[in-house]
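**Student:** Chains as they are written, first to last, in my numbering: chain A, 2 to 306; chain B, 480 to 860.
In case anyone wonders, no lab produced these hints; they're calculated from the structure. The C-beta atom is built at its ideal place from N, Cα and C for all residues, glycine as well. Any given hint might turn out to be false.
[To be verified] Covered by chain A, per the in silico footprint, the following chain B stretches (three or more residues, Cβ under 8 Å): (1) 481-492; (2) 762-771; (3) 792-804; (4) 825-831; (5) 837-847.
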Amino acid sequence: MQLSLNEDQTQILDFIDSLAKPFSTLPMHDVSLALESAELDEALVENGFLDVMAVEELGPVTAALVVERLARLPFAVEAAASAMVRPLIDPELPRPLCLMEEGKTRKPLRFLRPGATVVVAGPSGVKSFTATEEMIAPAQEDTLYGYPVAFLTSLPDAMTSHDVDAAEITRAWRVAIAAEAAGLLGAALASTVTYVSERKQFGRPLATFQGMRHRLAEDQVMTNTVYWMAMRAAGTGSQADAAMALQHAQEAAKRVCYDYHQFLGGMGMTLEHPLHLWTYRLKLLTAELGGRGAQGLAAAEALWS
Amino acid sequence: MQFEWTEEQDAFRHKIRDFLHANLPDGWEKFSEHGPASPALTAFAREFCVKLADAGILFPHWPRDMGGDGLGPWEQQILAEEMWIAGEPRGGQYMNVNWIGPTLDKYGTAEQKTRYLEPITKGQSLWCQGFSEPDAGSDLASLRTRAELKDGNYVINGQKIWTSYAGLADTCFLLTRTSEDKKRGITIILVPMDTPGITVRQIPSLIGEGDIHEVFFDDVTVPESARFGEEGQAWEIVAYSLRNERLGIPRFTLARAALDRAVSMLKDAGDFDGEYVRIEAARCAALCEAAGTANYAVVQRRVDGFAIGAESSSARYATVMAERAVCEFVIEFLPEALAGASPYLKMHHQRGIVAGVAAGSAEIQLNIIASEVLELPREPR
Ligand SMILES: Cc1cc2nc3c(=O)[nH]c(=O)nc-3n(C[C@H](O)[C@H](O)[C@H](O)COP(=O)(O)OP(=O)(O)OC[C@H]3O[C@@H](n4cnc5c(N)ncnc54)[C@H](O)[C@@H]3O)c2cc1C
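Pulled out of the complex, with its shape left as it was, chain B reads as follows (with noise of 0.2 Å):
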């Protein structure tokens, strides 16, 4: 065990910072309030993906074969973080780097991976995950969106909710049911979001404007060569391409940093002598840091060459720990952060306050926990 990074590793998180330090425009830090989702970094991204992509730090964990330098877990970490603490400056494109890409390249046919690939790597392109519907969150297997061949085409007909970037993705990775059979009736669809049928409806939210969204398919059709793998694969493939992204967000991170700029506007005010502010900042400090170490013996398991399981639910569920505690100790002690002082804790408390809802719920988390790691009897269905 050696908790250091390496030499190689430190330069290549030095190389990410300095790039952002110098490509980042002033004023970035209030213009990230505006969240990843919003037309404003949407807009930003384009360009700046652009400039991630020749500095080649854009994917530079893909393997060589696809483009990328092939760097391991470590550094896909390192990149993931300096990006998220950064507030993100990637917007929803860091979705494509993660795993839409990858998971083009191992299930696409040959035309959807020159259609959509090329795009990507020049930073060019917006997806967006229709996944959740109305009555399907946490059960999302229960998912009834439809979609019927029809002479070569798919038509498809139902209602999404929860979709990120669908008011700006030029493209939307759907999961549609084509058979009664439960999981193994679901099929990827992938639909160009300018096809006729498609509305999207923008919910207002807490977390800023433009993030999720209500997508309606009303006899959306698209050719059968849309379908992406074979009908009823959606399962697998959505296993395959999450299991290395299932540990989310290196969210911890984030915390960290907005809770190092409570304590310094705290000081700043002469509030920070008391010894119960001190002792909760502490508090919620332990908590980023053991989301970060819970996170970290994830990463080494992937380096070890296993798959991801169970033990990155534990994972997210300290991140949740540690989003929920800094959250709260920014209101109890630093209200008027959130009315204007501080567009930087404004941002984090929007971004931390979905992390035990977003991309699988904190009490799923708990029961594959319970299942998985513990090894628990099941509970009856």
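Just chain A, with the same shape it has in the complex (with noise of 0.2 Å):
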């Protein structure tokens, strides 16, 4: 047992803090439903961050820690299918990569769009193709997500099958999404607890009140186990291990989202706060892989079978 980062974890993430700092904060007021950069995603491809899991003395956690570091910023990057799932279907797959359930085609894929690499897992095994403009219905404009979505209108008739099992690709897709919720969670919990820090009413700051403080303390428990879980089902491997992190990081994005919004008053109301960037994020979250249901069955599964 090990639970410091070592000294190329360390590294990695510092360099990724120098690199996204132009990306770490917003332009008051500028503030659109979905942001992307295409600089910022050019940048870690570059510096090869989303290749670390293949790199031996890195490995799956060093995945994880890339992706959680990255789910902080404001801005949306698809690092957790590309980082930690892609390395075990096809490292070449071209990005951004949207991970699909087999037959769930009704739901929203997050980075959706031409070009783009759709997974898709399930009973008969995984497969992969390329969107084209022609499979892609954009999804409504001011959608809420905090991502670019979209939905596939049609599957090609060819796809490419990929000699993986497709349960092990199920349990690094959670443990990448679980990675991802965790520093969506610890960034939306540090803007929430700045804004009541700092936001008087009755002449003191809010976070001054014992009942936002319970509830903001309950939110940081929540979001630390979120966190090492993920680290750990990424260090273990385990089909638990993923479901549980999963479970839990969808059960703790349920629980704080709401109430984030409600610490900021109206303000949490508005684009002129980043705040929704991040939770509205969680919330698409709680739906990957059938939810926190779906993620409970397959614990059980894998606990008591």
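Make one complex out of these two single chains by using the hints.
**Tutor:** Okay, structure coming up:
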């Protein structure tokens, strides 16, 4: 057991922080609903940050750390699927990568656009294809989710089959989403804490009222444990750990997002404050892979069958 | 980051497990339904701790100059986990090896060390912790039990409450007030429990017989040499001694084991096929694992040489969530467990329900997280 970051991990995270610095804050009044940056994406790819999992000394825990760190940015980055799932299928698959449960075409897909690789995982195995313009319907323009999302209107006749175990891909997918959720939870908490520590009512900062302090403290407990469970699941590779990590992350997201908007009062309803970028991403992640219930059933199967 | 135990750590865990397997008597599980502070378990522990001492696993985490093996925080954690999950066969003596011994060693006089350390290392002493009072629970620093120095003796008057083990303890680690200066007016006195003037009354409780007590002190007189540290030094000493103890008992291990037991009973009864029960069970397991990982993150801080701080409150609260979830799961799906069908689950329940109160309540942990982890501006006083 060794839970501190090793030197490589510290270096990588420091490097990401400096590279992402220009993207860590937003010009006020300029927050679109789904914020992305091609420049940031390119820089991450160029420096190999999305490929750390395959490097032997780095591996899946480092990849999870990268995903967690990037999720804290106000800009959405397609990192989770590329950094943690793609290496298990085919490291050369073109990005962005969109993960889709077999048969669930009705759900919006994050980062879907022409040229994206759609990976379909389910009972009939793991397949992929490159999305083209004709297969994609845009989501409503002012969708709230904080990610670019779109719908698949049709599937191609031919897909590439991958000789990998669908259960293993689903496991990695769970861990990837849990790591992303951990970062989003951390950023949303930090953002809320800053706001309520500065905003005064009744002559004192809102954060001095115990009604808020206790809920925020509980949120800290959830956030901290989501982080650790995601890292552990990445490290152990266990099906049960992965399912529990995502179940816990989705549970946490359900619990905190409402509170955070509430604590910002009217400001929590605006686009001026960036909170929604993290919370609405979290909300969408609560629907991944069937949501809490499906993770619970998967965990129960892995633990007790 | 690395989530596997080393071979040595695995070996250490197995050594303890093998020892417990070989030395816990038949029927132990039913027996351990007696609370850790019950007369039955206390008497059992007086024999069992001798065996642990002989096998070198009573205080292997103590430094070598105290007679231990100088093992690190992970090994201390492993030891605590294996004992707790087995139903804590050390009874109240776990306190001796966790914090009383090391505190005696650091702050005790030569006489106090001679008198008290040896019985601890022989598995032969039981202490109680006289901190809480009827009007001083969460607000411990407002305690009022007085100790007055008269002619070379301290004369103690007042009342303690919730004192675990008091009925059978040899010695009380007692917090007393020696001046009005709130925190700096508190002084520790080591009081033999057979001193005249001490009355102990058991408090009937949900958590099993013999666990919590009221302790009355009427003109209890002990020599000045029974004072531990200087007058007014109690707060500093307690902060030190509980520093490495702030994680508390590794409850998540037993909560998880209880959950596994409950699931296996449900499966035997053919009642573990529904989706709701399976999802709920998994949610409980996730909360146990959440508490486990949070605890381990704190242990790592110790390994890295940091004093344990407010992050332990976060781990403690995660533990409370896990205990609560498992206790409620068992009653919802296996109500018969607490009515005779499973002594083990009843034992867990009675130990689990105190997680949010004993040793600093859950809300106090939240206060600490808010101020010291989130660094929110302080509440006005
Ligand atoms: C099984 C068990 C064993 C124990 N063993 C010992 C022992 O051996 N020795 C010993 O000295 N003590 C012992 N205790 C006592 C324990 O430490 C106290 O019960 C605990 O500190 C809480 O104090 P209280 O019971 O007076 O509750 P109170 O302090 O009266 O608290 C009641 C409720 O109010 C909440 N509350 C209090 N202050 C605040 C605040 N500032 N903000 C928000 N909420 C607040 C608490 O969280 C709690 O929910 C034991 C308790 C139990 C249950």
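**Student:** For which of the previously enumerated hints does the structure constitute a violation, in increasing order of number?
**Tutor:** 4
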